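All chains should be built: construct the whole structure from the sequences, respecting the hints.
Here's the letter readout for the chains.
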Amino acid sequence: MDVLTRHLEALSSDFVGYTNSDLLQTWDMSDAQLSSTVRAARLLKELHRLGLSGKIFDTGLAVSIFRDHSTRTRFSFASAVTMLGLALSELDEEKSQIAHGETVRETATMISFLTEAIGIRDDIFLGEGHTYMAEFADALQESFDAGVLPQRPTVVNLQSDRDHPTQALSDLCHVLDHFDCDVSGLRGKKLTMSWAYSPSYGKPLSVPQGVIGLFTRYGMDVTLAYPEGYTLIPEIEKLSEHQAVQSGGSFRIVHDMREAFRGADVVYPKSWAPMWVMEKRTELLRAGDKSALRELEQSCLEENRTHVDWECNESMMAETRDGTALYMHCLPADITGVSCQRGEVAAETFEKARLDTYREASFKPFVIAAMIALARFDDPQRILERIVAEKRPRTRF
Amino acid sequence: MDVLTRHLEALSSDFVGYTNSDLLQTWDMSDAQLSSTVRAARLLKELHRLGLSGKIFDTGLAVSIFRDHSTRTRFSFASAVTMLGLALSELDEEKSQIAHGETVRETATMISFLTEAIGIRDDIFLGEGHTYMAEFADALQESFDAGVLPQRPTVVNLQSDRDHPTQALSDLCHVLDHFDCDVSGLRGKKLTMSWAYSPSYGKPLSVPQGVIGLFTRYGMDVTLAYPEGYTLIPEIEKLSEHQAVQSGGSFRIVHDMREAFRGADVVYPKSWAPMWVMEKRTELLRAGDKSALRELEQSCLEENRTHVDWECNESMMAETRDGTALYMHCLPADITGVSCQRGEVAAETFEKARLDTYREASFKPFVIAAMIALARFDDPQRILERIVAEKRPRTRF
Amino acid sequence: MDVLTRHLEALSSDFVGYTNSDLLQTWDMSDAQLSSTVRAARLLKELHRLGLSGKIFDTGLAVSIFRDHSTRTRFSFASAVTMLGLALSELDEEKSQIAHGETVRETATMISFLTEAIGIRDDIFLGEGHTYMAEFADALQESFDAGVLPQRPTVVNLQSDRDHPTQALSDLCHVLDHFDCDVSGLRGKKLTMSWAYSPSYGKPLSVPQGVIGLFTRYGMDVTLAYPEGYTLIPEIEKLSEHQAVQSGGSFRIVHDMREAFRGADVVYPKSWAPMWVMEKRTELLRAGDKSALRELEQSCLEENRTHVDWECNESMMAETRDGTALYMHCLPADITGVSCQRGEVAAETFEKARLDTYREASFKPFVIAAMIALARFDDPQRILERIVAEKRPRTRF
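Chains as they are written, first to last, in the numbering used here: chain B, 1 to 397; chain X, 1 to 397; chain W, 1 to 397.
Among the clues, some could well be false.
Here are some of the chain B residues that sit facing chain W, going by a computed Cβ distance under 10 Å [unchecked claim]:
1. T71
2. L331
3. V338
Calculated pairs, DSSO-like style, for lysine-lysine (alpha carbon to alpha carbon, straight line, at most 30 Å) [what the hints assert, rightly or not]:
4. B/K55 x X/K55
5. X/K290 x X/K280
6. W/K55 x B/K391
7. X/K391 x B/K391
8. X/K391 x W/K55
9. X/K55 x W/K55
10. W/K238 x W/K280
11. B/K391 x W/K391
12. X/K203 x X/K290
13. X/K203 x X/K352
14. B/K55 x W/K55
15. B/K55 x W/K391
16. B/K290 x B/K203
17. X/K391 x W/K280
18. B/K391 x X/K55
Keep in mind that the hints were calculated from the coordinates and are not lab data. These figures come from a predicted structure and were not determined experimentally. Cβ coordinates follow ideal geometry from the N, Cα and C atoms, glycine included.
Pasting the structure below:
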């Protein structure tokens with residue numbers, strides 16, 4: 001029980017909940033809230049590893065809404081709510097009477113009469129996903145305030161157009177585990193979030209935005225690297241810079257992958273579409289202009305192809321600190337010679353890191369469970385202490 | 001606990017279960033059975049509002065079969081069975097080996113070996129939905145009687161071509177809450193179920209039929225209003241008239257919305273397709289005659305358009321008793337200027353009633369839970385008394 | 001409790017688990033493992049019949065992956081995991097980011113961080129289903145061994161291209177119930193697995209293969225009957241012959257349905273596609289050659305039609321021992337005059353056996369539950385004894 005006790009003691013200082021709000025973007029939350037989330041997630045993961053139950057709810061419903069494909073996050077959410085003792089019901093919009101816009105608030109209430117948590121992925125249209133989630137949360141608040149809902153469900157952002165907090169916080173847990181430290185131990189470490197080549201187009205910006213928006217809070221030297229033109233949402237680049245300065249770290253943008261890898265402790269090479277492409281694409285999708293969409297895709301893929309050298313491989317890794325930087329990816333990666341001809345990462349490089357990327361992913365269910373616990377309870381620390389004290393096995397015999 | 005105790009005491013007189021049958025149409029049930037359902041639903045809702053658990057089952061499966069789109073009812077069923085302690089499995093017919101007709105009885109048994117409740121929505125084809133549910137229930141009974149099934153699952157009608165009992169009973173709960181009375185307090189009150197204009201076609205008849213088939217039992221003055229030709233199933237209009245007379249109330253059909261609203265305590269303006277259209281549509285769908293279907297839709301929409309003045313708006317509401325009748329809708333409503341150009345209800349009028357229509361909807365999960373409890377237990381009153389006495393919180397800490 | 005005690009006592013001799021492996025093919029398992037599975041399944045079924053709970057897990061997730069349509073098996077799996085206390089999450093590959101091939105191992109781990117059991121149906125492509133499941137299981141083992149997964153989920157074969165063990169073991173349970181014996185009582189009984197005519201094409205080989213691969217282990221006289229050319233996978237025909245000889249029974253292949261039925265105690269008439277057709281079909285599907293696929297289907301259906309006399313009817317049944325052989329089918333059957341013009345079985349013959357085929361199917365949830373219990377626990381006998389001793393009702397009041 002050593003590790004568990006250590007995790008439990010880590011809760012004792014400055015542990016705070018979300019006081020009935022939601023974590024839609026990490027940059028809307030306080031340092032204490034984020035660090036509490038990470039500590040709760042690591043505790044719950046250890047609890048599970050020991051074969052113990054994390055049931056906090058005796059009964060209740062969780063709902064997920066996926067407006068885009070998902071495996072990892074879908075099962076992370078299902079796992080998290082199951083661990084907490086909630087049943088899951090998925091809202092399939094094709095089987096529903098749902099229209100966009102005005103009825104968001106109606107839908108939000110209709111699925112929430114007995115619901116404790118709602119996970120939403122909405123990352124396809126730039127400018128929409130976060131807005132949808134915020135509207136959704138407001139509608140729940142209105143119905144709760146009016147007494148229509150006896151409980152206020154927690155909204156969990158399972159990836160928006162702006163942030164992917166369950167991913168970024170899992171990444172943070174993984175980095176802390178890797179360096180065996182808490183967030184104060186990250187000071188001065190070098191992290192590189194780099195664009196990488198992929199033969200696909202239209203990948204969301206939320207992962208790189210989530211990574212720079214979170215890791216710049218801890219006094220790290222964060223480098224964002226991409227070919228000219230592959231910018232993220234400027235506001236998020238700017239707030240990352242601001243956070244870096246505030247926290248005593250640094251933030252820079254470079255346009256050379258090799259330069260960005262030099263001396264890095266952590267590298268995160270991943271493809272995304274330039275912001276202007278996502279904007280144009282959203283516009284064309286709304287207009288239903290299929291031929292313009294095809295043209296956009298073609299020109300985008302062509303432009304991508306001029307950057308096939310942005311591949312994470314052994315030569316690139318050799319540039320990192322002692323040649324042994326931690327390789328990170330949210331998965332699935334586009335692996336050269338495996339899932340595509342030329343991709344984000346060389347097969348040899350990925351294979352070395354493969355099980356480690358699975359470990360990175362393994363935090364997500366516990367991050368989600370922690371987010372729900374911190375949002376739904378006034379005194380989450382007491383709840384976590386009691387579940388640990390209970391030491392209830394996951395099997396009944 | 002005051003309100004809860006009051007609800008509990010309300011059970012004491014004339015409380016009866018369904019004795020192992022199903023509630024497929026309210027008019028097949030006794031007054032005591034319906035009033036017991038309503039009282040159990042209100043009790044369960046209060047239980048939930050107090051943060052208490054309604055788990056009656058320790059384990060077991062519930063199955064839902066949706067042969068039409070659904071949000072509200074889908075989540076109401078999921079919420080209800082979760083509250084009772086059952087796991088939900090949805091039967092998606094596209095992913096199954098199901099054919100129509102002869103194999104209904106086989107399917108019914110195959111999904112029921114460990115199943116406690118089955119919710120079915122089948123409302124598209126006039127003449128089919130209710131028949132399907134009845135066949136389904138008969139097959140379950142046959143397998144139970146033969147010892148193939150060790151328990152006889154309850155069939156819950158989640159909307160058929162004839163009745164929509166979970167909606168009508170939720171509506172009843174809402175009306176009782178609104179007037180703060182039990183069913184005896186409805187005597188003499190005026191309720192108007194009115195057709196309203198919508199730019200869509202083919203809406204089922206089950207909501208208006210369910211409303212007149214239920215509310216005419218309580219000595220109310222019920223008015224059914226529609227443009228000439230928009231009749232419901234004549235048999236159900238007739239039984240409503242008969243019930244009204246029996247219960248000391250009245251039932252009339254008028255063809256003028258304004259006249260129907262005059263002096264009403266409750267108005268329920270909602271679109272539906274004329275019965276003959278639903279019959280014709282069923283016939284053409286069976287024949288796969290797409291061009292005739294398009295023609296039918298066109299002529300139907302044109303006919304509808306001659307009745308755009310059947311809109312519930314401030315001027316119409318002013319006709320009701322003190323201008324303050326309770327506005328009801330099963331949702332989603334077609335709202336003028338919001339979800340369509342011209343619809344069932346003016347935006348201003350709907351907005352005033354909006355949160356109240358959410359309250360109306362909020363009863364459905366508890367009505368479904370009550371129906372299952374009353375159908376599956378020999379002595380449901382004892383069960384409800386014990387769950388209340390237990391006062392088990394919904395969270396474990 | 002008489003029957004339950006009898007089932008409990010049956011566990012006492014030679015009861016063994018799977019020691020953390022999976023039951024993908026019955027012929028990979030020992031006699032003791034199979035017989036333990038059957039005894040556990042019969043015990044769990046009796047437990048359920050008595051209204052008692054089979055909850056072994058307090059919390060946990062089960063996942064199902066259906067790469068082909070399914071009703072019976074889908075609900076059997078849902079029922080089984082619910083009985084054991086697990087929540088179910090279905091992996092819908094169309095809603096996922098899953099590609100074939102190299103990423104099987106990634107997917108396997110990504111859905112398993114808190115998962116106890118994974119059911120897979122993959123029966124369409126000859127040469128693929130079993131391979132996929134084996135790769136999946138290997139990937140889970142790798143991640144478990146590396147500490148990425150804190151528990152090693154059990155893989156349940158819900159039908160592959162080679163075996164359908166949950167079906168074959170349910171069939172075995174049913175036969176044992178029918179003759180009221182244990183497997184030693186099967187010695188010398190005659191079982192006929194026969195091809196039967198169906199107006200469809202491309203039915204998998206896994207049911208007949210599963211039946212001959214299992215029943216030849218018990219000293220029975222097993223006859224496999226099919227028209228010339230409708231062979232199963234030769235390796236499985238051969239291992240069946242070998243097992244029959246080893247167990248003191250016999251195995252023969254005949255090409256005449258009537259001859260095969262003569263003197264049989266059990267008949268299992270069912271359609272399947274010849275192996276060479278399944279091979280050709282797999283090849284054409286991979287090549288995306290639609291016109292060749294249509295041609296193959298046509299020629300196959302034509303060939304089938306020359307065997308319409310392979311129908312199980314009263315005249316055929318009269319050939320069996322005392323004319324009263326047990327008729328078996330995995331369902332749904334193609335019934336002459338009911339689900340098709342000419343099919344596998346005459347309406348009169350099927351109707352006599354109908355409820356009995358439902359009984360045959362009723363074992364499947366309990367076989368699956370038994371498989372998970374035997375794979376996931378070191379001492380499954382103790383677990384089963386304790387769940388029986390607990391006598392916990394399925395309802396809480």
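Each hint, compared with the structure:
Hint status for B/T71: holds, given a least beta-carbon distance of 4 Å to chain W, under 10 Å. A distance limit of 10 Å between C-beta atoms decides the matter here; for B/L331 the minimum to chain W is near 7 Å, and the interface restraint holds. This hint holds: B/V338 has a C-beta 5 Å from the nearest C-beta of chain W, less than the 10 Å allowed. Proposed proximity of B/K55 and X/K55 is supported: the alpha carbons are some 16 Å apart, at most 30 Å.
This hinted pair checks out: X/K290 and X/K280 have alpha carbons roughly 12 Å apart, not beyond 30 Å. For the hint linking W/K55 to B/K391, the alpha-carbon distance of about 19 Å falls within 30 Å, and the restraint holds. Distance hint between X/K391 and B/K391 is fulfilled; the C-alpha atoms sit about 24 Å from each other, no more than 30 Å. For the suggested pair X/K391 and W/K55, the alpha carbons sit about 23 Å apart, so the restraint of at most 30 Å is met.
As the CA atoms of X/K55 and W/K55 are separated by approximately 16 Å, the hinted pair is consistent with the 30 Å bound. Taken as a hint, the W/K238 and W/K280 pair is honoured in the structure, with Cα atoms around 22 Å apart against an allowance of 30 Å. Between B/K391 and W/K391, the direct Cα distance comes to roughly 24 Å. Compliance with the 30 Å bound is thereby established for this hinted pair. Only pairs whose Cα atoms come within 30 Å are accepted, and X/K203 paired with X/K290 is accepted, the gap being roughly 18 Å.
Annotation: proposed proximity of X/K203 to X/K352 holds, straight-line Cα distance about 25 Å (limit 30 Å). For the hint linking B/K55 to W/K55, the alpha-carbon distance of about 16 Å falls within 30 Å, and the restraint holds. Taking the CA atoms of B/K55 and W/K391, the gap is about 23 Å. The hint holds against a cut of 30 Å. With a C-alpha separation of about 18 Å, the suggested pairing of B/K290 with B/K203 holds against the 30 Å cut-off.
Restraint check: the Cα-Cα separation between X/K391 and W/K280 comes to about 64 Å, which exceeds 30 Å; the hinted pair is violated. Distance check on the hinted pair: B/K391 and X/K55 sit about 23 Å apart at the alpha-carbon level, within 30 Å; holds.
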